[in-house]
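Construct all of the structure, not just a fragment, from the sequences and the given hints.
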Amino acid sequence: DAMVIQNPRYQVTQFGKPVTLSCSQTLNHNVMYWYQQKSSQAPKLLFHYYDKDFNNEADTPDNFQSRRPNTSFCFLDIRSPGLGDAAMYLCAIQGDFTDTQYFGPGTRLTVL
Amino acid sequence: GNSVTQMEGPVTLSEEAFLTINCTYTATGYPSLFWYVQYPGEGLQLLLKATKADDKGSNKGFEATYRKETTSFHLEKGSVQVSDSAVYFCALSDREGSNYKLTFGKGTLLTVNP
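In the order they appear, the protein sequences are chains A and B.
Numbered by my numbering, the letters in the first sequence go through residues 1 to 112 in order.
Numbered by my numbering, the letters in the second sequence go through residues 113 to 226 in order.
I should point out that these hints are in silico values taken from the structure, not numbers from a laboratory.
Zero decoy hints are in this set.
Distance condition first, Cα-Cα at most 25 Å in a straight line; then the derived PhoX-like pairs of lysine-lysine:
(1) B:Lys218 / A:Lys38
(2) B:Lys172 / B:Lys189
(3) B:Lys213 / A:Lys52
(4) B:Lys218 / B:Lys164
(5) B:Lys164 / B:Lys180
(6) A:Lys44 / A:Lys17
(7) B:Lys213 / A:Lys44
(8) B:Lys213 / B:Lys164
(9) B:Lys213 / B:Lys180
(10) B:Lys213 / B:Lys168
(11) A:Lys44 / B:Lys218
(12) B:Lys213 / A:Lys38
(13) B:Lys180 / B:Lys218
(14) B:Lys180 / B:Lys168
(15) B:Lys168 / B:Lys189
Here you go:
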């Protein structure tokens with residue numbers, strides 16, 4: 001069974017129109033991550049949560065925000081998507097006593 | 113800082129050929145090492161990991177050994193299949209504050225032809 005679920009798998013939005021991507025997990029792990037992956041590149045960490053503590057990477061644009069209303073769910077909000085934000089967005093979880101990250105299937109975002 | 117360098121692709125092999133994808137790392141601490149695989153249009157799947165020197169990770173016929181003396185974690189498979197066609201990422205995980213941060217290589221695209 002999937003540990004990390006991402007919805008939707010494909011999302012199309014218009015330039016400048018806010019969009020929200022969703023991630024949920026079935027294991028109640030404390031740590032959740034959001035990555036951006038552009039074509040033919042490695043994933044790039046945007047931010048992570050340790051429980052409710054939010055940790056932003058220094059180079060993550062202000063256009064990207066996140067919410068974690070409870071342990072199971074985490075959302076990525078893109079306030080004003082630009083063409084350069086078209087990418088695969090990956091959510092990952094990490095167990096409490098391990099350094100292994102497990103990834104969801106990703107959401108492919110298209111910006112028109 | 114930490115870094116991972118892996119063999120640039122693309123790599124094209126015939127079915128049943130031997131596979132090696134080289135990976136070397138630079139780290140200040142004692143990281144765990146990983147190989148992730150990404151099939152087209154999918155997320156990353158953990159393929160194997162090793163947590164300390166001389167550990168061998170293995171899964172689905174793939175193997176990699178954590179070599180501290182050469183700072184390497186090369187991925188090998190004795191006989192590849194068409195279904196192994198994917199992008200392979202080498203990564204290291206090192207503690208940073210309250211969490212572990214993954215540093216990825218650039219990825220290697222493998223294509224296996226029948």
